[in-house]
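Protein chains: 2
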Amino acid sequence: MNILLTSVGRRGYLVQYFKDALKESGKVYVSNSDEHSPAFKYADEYIVSPLIYDDGYIEFLLDYCRQNKIEMLISLFDIDLYVLAQNKKKFEEIGVIVVVSDVEFIKVCNDKWLTYKYLSERRLPTPKTYLELKNAITDINEKNITFPLIVKPRWGMGSLEIYVADNEEELKVFYKKVKRNIENSYLKYESKQDITNSVIIQEKINGSEYGVDIINDLSGRYRSTVIRKKIGMRAGETDAAKILENDEILSLAKELTIYTKHIGNLDIDILNNGEKYYILEMNARFGGGYPFSHLAGVNLPLALIEWRNGKEIAETVLKAETGTVGQKDIQIIKIN
Amino acid sequence: MNILLTSVGRRGYLVQYFKDALKESGKVYVSNSDEHSPAFKYADEYIVSPLIYDDGYIEFLLDYCRQNKIEMLISLFDIDLYVLAQNKKKFEEIGVIVVVSDVEFIKVCNDKWLTYKYLSERRLPTPKTYLELKNAITDINEKNITFPLIVKPRWGMGSLEIYVADNEEELKVFYKKVKRNIENSYLKYESKQDITNSVIIQEKINGSEYGVDIINDLSGRYRSTVIRKKIGMRAGETDAAKILENDEILSLAKELTIYTKHIGNLDIDILNNGEKYYILEMNARFGGGYPFSHLAGVNLPLALIEWRNGKEIAETVLKAETGTVGQKDIQIIKIN
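Protein sequence lines, in the order shown, are assigned to chains A and B.
For the first sequence, this note's numbering begins at 1064 and goes up steadily by one.
For the second sequence, this note's numbering begins at 1064 and goes up steadily by one.
These aren't lab readings, by the way, just hints derived from the structure by calculation.
Honestly, I wouldn't trust all of these hints.
Any copy, or any two copies together, can satisfy a pair, since identical chains are not distinguished.
[As the list claims (entries may be wrong)] Below, computed lysine-lysine pairings styled on DSS-like, alpha-carbon distance capped at 25 angstroms:
| hint | residue 1 | residue 2 |
| --- | --- | --- |
| 1 | Lys1292 | Lys1397 |
| 2 | Lys1197 | Lys1292 |
| 3 | Lys1397 | Lys1382 |
| 4 | Lys1191 | Lys1382 |
| 5 | Lys1191 | Lys1374 |
| 6 | Lys1397 | Lys1305 |
| 7 | Lys1305 | Lys1104 |
This is chain A alone, in the form it adopts within the complex (with noise of 0.2 angstroms):
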């Protein structure tokens, strides 16, 4: 079976899982947008693709897939996935089966208003969120809600333009300031569904951070969870981790599944201040926690392999090792 990773980015460690997890029985290709994306250098194949937002994306990947006998997708960004899982039916057409989630959810799953929406509609704990300064206002002086405020764009990626207030004055400062650099920047093209209502005012939660791992198989049946707690190191430089059981995010995550039905792998952050945990984001893929989980023992490719030849795996395949730590490291490759 050959497989396509779609916008691959920096992720060359995700290549090299499903190289090993295919050995000698297929291919991995790779595409991304962007020519110098180094994760091309893991690939068997990899090829530079038009934009996610061109009208040509799509035709162009259906394309490709037919080219090289693709029989399995997996998109690893969130703006493509969305795309992609509206043209879920087109490739199935043509016997690509693609790992995505329905539309809908990943709509949830991009838009931070929608996900507080969703989870506080199902009464799973997430942090109180706002779309109006007004509201949120309000809310500060009734004490519903109190400093420190995190201010961020509504369809945010990663870490950019996210600001921390500590009083009103900074509030109101960084809520225009985040509508502005939103207007002014490539984050434009998805808050363009809503301009006005691209910021959130989200109540800040301190306290322990959690990365989860919800696994579902290709029908969206339930199959494991894997958690890990975020370590915080010196100057906050590096990236560890360590796998760990608990049993209330068990239960937060498998209560989570019920309404989500999703496809593959929910990452999801969760915090604790103590006394309660809370969701905080959802990203329905590989997230940028899953090679903690793979180091531990977890081998997601290969299940997903497995359930795409029709097989079942064995229960250790999910199963990771309580207690491994993990540790981001960072080479300089050579690209030309």
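Go by the hints and put chain B onto chain A.
Okay, now just chain B, sitting in the frame of chain A:
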């Protein structure tokens, strides 16, 4: 010869470079106050040291050097450099050459206000910088500078607490905020020197960015300059750089060394707005960009070892191949 790298953090690649350069002629020892430092994994021997600010830090290192017959010590962290520069003689007395510039120059590099004064007093081009809010506002009103302006810690590290102010309201709010956040973070230790003047305001130069290694030998004599242009990647998530030649930057670098007489590497950041090249920052150590130089053929670890042995090196040892493009690549490694 045995070598000790202190504050090694996550620079495993540098440990590897020194091991490669030593071959069988000695071992690479590393230290850090953080027991989770990923570079420990690469070293022949590692030790968890006291904090740099602890009274016993220097005695600890002296003991460790004696026990392990260390002949050369290289630090990778600014605050560590300052403490080591003050104690350089104590190490010399036991046969350890500390590859560090003199304490006054280290002080200049660690303090962005002194950096500005150092460069501007020598008529070297650097962005206009202010220590007092009222002076910046006067110059804005007199149209000597224009927004956007950078607000950041005078003794800062990495991208911590750096804000871009687009107008006077933001400038005032960020100035207060950075000062407050310094007092509430580990930045307060260095900032204690002058806590009321711990924030700077700086012109923002937009344009191309360059990283430059200016290499002197152990007596502070100029040897080589390596110029890297930073390649902007989509979403800013990837770091890449290209080695090139640039006569204007080269002559700036050579002029600078007349004053610095630094020892080993001086890593500087340069900005070009299309009209003029500005020196932004200086770090008198191996910087985060050195691996790009190394990838292009420069071998400063080997040069330092040869110089320490009283030998001369071929010119090619410090020569980078023009056109080389390097890219950061991330892997997750197990540390337990």
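Here is what the structure says about each hint:
For the identical chains of this complex, Lys1292 and Lys1397 are inter-copy neighbours only, at 15 angstroms across copies versus 33 angstroms inside a copy, given an alpha-carbon limit of 25 angstroms. When the C-alpha separation of Lys1197 and Lys1292 is checked against a cutoff of 25 angstroms, the pair qualifies neither within a copy, at 35 angstroms, nor between copies, at 45 angstroms. For the identical chains of this complex, Lys1397 and Lys1382 are inter-copy neighbours only, at 17 angstroms across copies versus 35 angstroms inside a copy, given an alpha-carbon limit of 25 angstroms. Taking identical chains as interchangeable, the C-alpha atoms of Lys1191 and Lys1382 are never at most 25 angstroms apart, the minima being 33 angstroms within one chain and 56 angstroms between chains.
Neither within a single protomer nor between protomers do Lys1191 and Lys1374 lie at most 25 angstroms apart by alpha-carbon distance, with minima of 43 angstroms and 65 angstroms respectively. Proximity of Lys1397 and Lys1305 under a CA criterion of 25 angstroms is satisfied inter-copy only: 10 angstroms between copies versus 31 angstroms inside one chain copy. For the identical chains of this complex, Lys1305 and Lys1104 are inter-copy neighbours only, at 17 angstroms across copies versus 29 angstroms inside a copy, given an alpha-carbon limit of 25 angstroms.
Checked against the numbered hints above, the structure breaks hints 2, 4, 5 and satisfies the rest.
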